[in-house]
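If you're matching them up, the sequences are chains A and B in order.
For the first sequence, position 191 matches number 191 in the working numbering, and the numbering has no gaps at all.
For the second sequence, position 102 matches number 102 in the working numbering, and the numbering has no gaps at all.
Bear in mind the hints are in silico, worked out from the structure with no lab data behind them.
Just so you know, not all the hints are guaranteed correct.
Below, simulated DSSO-like cross-link-like pairs (lysine-lysine); rule was C-alpha separation at most 30 Å, straight line [unchecked claim]: (1) LYS122/B x LYS30/A; (2) LYS237/B x LYS188/B; (3) LYS245/A x LYS237/B.
Please read these numbers as outputs of a predicted model, since none were measured by experiment.
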Amino acid sequence: MKIQINHIGKMEGHADFVAEILKGDVTSAKLMTTEGSRLIEGILVGRHFSEAPVITSRICGICPVVHKISSIKAIENAFKIKPSEQTIKLRRIMLLAQMIHSHALHLFFLSLPDFYNLENDFDFISRQPKEAESAIKLREWALKVIEVIGGRAIHPIACEIGGFKVLPKEEELKDLAKQREVLLKQALGLANLVMKIKYPKFSRPTTFISMTSDKEYPFYSGDLKILEPILKKKAKPEYRIISAKDFTKNIKEVEEPFRAAKSAELDGEPFMVGALARINNNSDKLNKLAKGLLRGLHWKLPQYNSFLNIPAQSIELVHCLEEICQLLEETAKTLKPEESWESKNRIIGGANPLGKETKGADATEAPRGTLYHEYVIDKNGFIKSCTIITPTVSFLKNLEADIMEYLPGLMKMDPKKRSIKIRSLIRAYDPCISCATH
Amino acid sequence: MVVKKIGASRRKPKIAIIGLTSCEGCQFAMLDKGKRFLDWLAKCDVGEFRLVEDLPMKEKEQYDFCFVEGNPVTAENIKLLMDMRARCKTLVVIGNCAALGGVWELKNYGNKQKTIKEVYKKMKVANPDIKEVDNFVKVDLTIPGCPIDGDEFMEIANQLLKGRTPKIPQTPVCLECQKRGYECLLQKGEICLGPITLAGCNAVCLKSKQACWGCRGLLQGGQVQNLMKHLTKKFTKDQIYRVMEVFGARDSIMKELEIEEKKNKK
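Chain B with its partners taken away, still in its complex shape:
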């Protein structure tokens, strides 16, 4: 295998891949594409990517694309995010933590002072409300999921290099699930958010008979009210909210529900 030395040609787009607070699983979802990913990297001038290099941070470098994984939890995270936004033309957020807050957003729904006391007895550590990246900076493109789908990333990443602005089609996970003939867990009587969640994951959870918990976020035009009507026949609101909370989707789903309810009242 031959991989060209980075920085060999000036025409290559300059990219940075940075991680804030996260499990780094989305960076691994990229790396796990193996040769395909390395070939893509070879087409770029890679300025920052801590997983494969240990060179000093290039603090003045300007970028064509900056890929941001993780959630800004610490002051340093926020500073780095703002700084990278100022130094890049296109900012792409990667994964559920950046897009929806991540699993850690669960603490927003509880008492965060109590939560931190469960972990630290003396230590003072940053304990902000968890907010999505687009609360801090303008986001040009979002690749959602916990973790992201590596193939979807490669497709989008290749299009970006060709100068296109890719869009993820607004279809529900339900459609991908039905196309593949997986068992409908909603009909079976489980809490499944497939009808209102953005597709692109190939309904990978449903393949393993795991109901959709909305890690890719709310589908534009998702019929939240309809789904709630169906689910509340069997489950309490608390049970349904709990499922929506795990991947940080509850807040955006509730917002949409309010809008739908207002419309219907009129």
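The following block holds chain A by itself, in its conformation from the complex:
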């Protein structure tokens, strides 16, 4: 028997799903990506390093901020450039804003309608008008934040290597921070709706990977935490910490004949990244209100139910709002004019400030999980090789392993209902096929 779902909607990019069932056993479950490969890592070879942040942000229309910033951070590492504290604060604000608008979109418009058996967002908007308005308002505000700092919400312009081409005005940052109370109320309202839903009972122990830091709930920088699955009852969770630069030493990309997107493995096994991985790894670093929400759920961590990536995103939504408003206020107070490294050096094709071949890499937390960029730059400043591993590439195999485990329990179900159940699990991961098929 074959289960096929074509053109899965309400997610970023294009994919079909196919599962093979032989005498009641699920023998394979595959997410086939159906969009063309853009060969970004290939076209970057031979281009000047200063073009990489511009080009790589075009990998994704929903998370261009994190692609641009990851690319910039990797290149800064290659040239040992240290951005100012102010630059880092502004970048962190942009990343938090992107997390807010991406999560709000995924929660309300892409994922939640599944649990009301609605296949069309318009029906869901009519059903939950208040939360719809909250989701839209949160998105508008977060997009405005990116526009104020980055010059444009989609494919931001102002951020570059070693700083910003232009800086926002103090007043603009203050005005954005003023809306804190209203926004938090809206986010909590949306989170409330998310928490009320009964998610399917499901559990499959797996490895969780996210960034980690002693100081904060990490998005911008840190090490990588690899949380091993607990396979025996009452065993204690074990984890190891590796440097973000060693990402590709541990995580390997594989090519498979049935899809243009690659997928990733850790020691030959699938692993999970994203909101649930971050909460499993760093829940003690959440801000106050977000921590309260988590406590209210009475979860025993780590949680192995991938559907809970949805409530995990809503907790992060609140966490990010608490964080971003504080950062906006802080940054507004201390804002001072400064020139970026790239503007100061007026880098034009053909230049390499070190005058010798160099390599740089870094990881950043994107809405869907850890994103990794790595570049080798030749002595003339041209890119010699490039590796980009996106969150969806990282969790593809974990998603397929989940479906293989979840599917046998759905076999007696009416095919239409079963199809919605499978799609809802796929969407719970918030996959971005555009990112995966870069």
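Once you've looked at the hints, dock chain B against the given chain A.
Below, chain B without anything else, positioned relative to chain A:
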């Protein structure tokens, strides 16, 4: 907020919004208009828009307007594009990928076999020369940009529903830049394509002190020769071409340059 159920009235124009290979940023530029965009959608009978619905594809449906984002890279992309053209009265292309090929067109200027080897060791995936949508089907209207400007889209989309055929005024980015009093990066000594690029973006890049790299495409009557004369005083042709390549504008700019040079020789 009240949004009427789609398909409630038969008089509404039928629309489809489809994505080929792209980052989908232009569809988000539309969605990011929030209530304004949803109100516009409510005036339409939306047949296809994968970002907000997960209903089966309506394979026989005829459309008044089809909005196409992205570039036809795979055989499936091309099939869908041809099929939608046959089933719609007006086909509108959205964004730089559809209009000019997108950032991925960069591989056309290099060795595409070498490019694919940088990405895949074993896998065979489609690796055609990147061609603009109008090489495959007749295009009725183009909304350019990487990404499109959401406000410009709303303006055009509203006019379309009123039965008008909107046109983007043929003025250069330079004009929009000067009107707003931004610093001229061409005078400052950078490679800026503002004088020959179609306006409509409000010179958003120049606002952030980023020179124009021509993502909205060549302005009709853009004086390419003049700009080249100015730029080659300081930069090599290779440096200038590299900037033109990023958003797929180099091929159309070069074509125009040839025409201008021929005219001037006569």
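Hints, one by one, checked against the model:
Restraint check for LYS122/B and LYS30/A: the C-alpha separation of about 19 Å stays at or below 30 Å, so the hint holds. A hinted pair counts as satisfied when its Cα atoms are at most 30 Å apart, and LYS237/B with LYS188/B qualifies at roughly 19 Å. For the proposed pair LYS245/A and LYS237/B, the alpha carbon gap of about 37 Å is over 30 Å, so the pair is violated.
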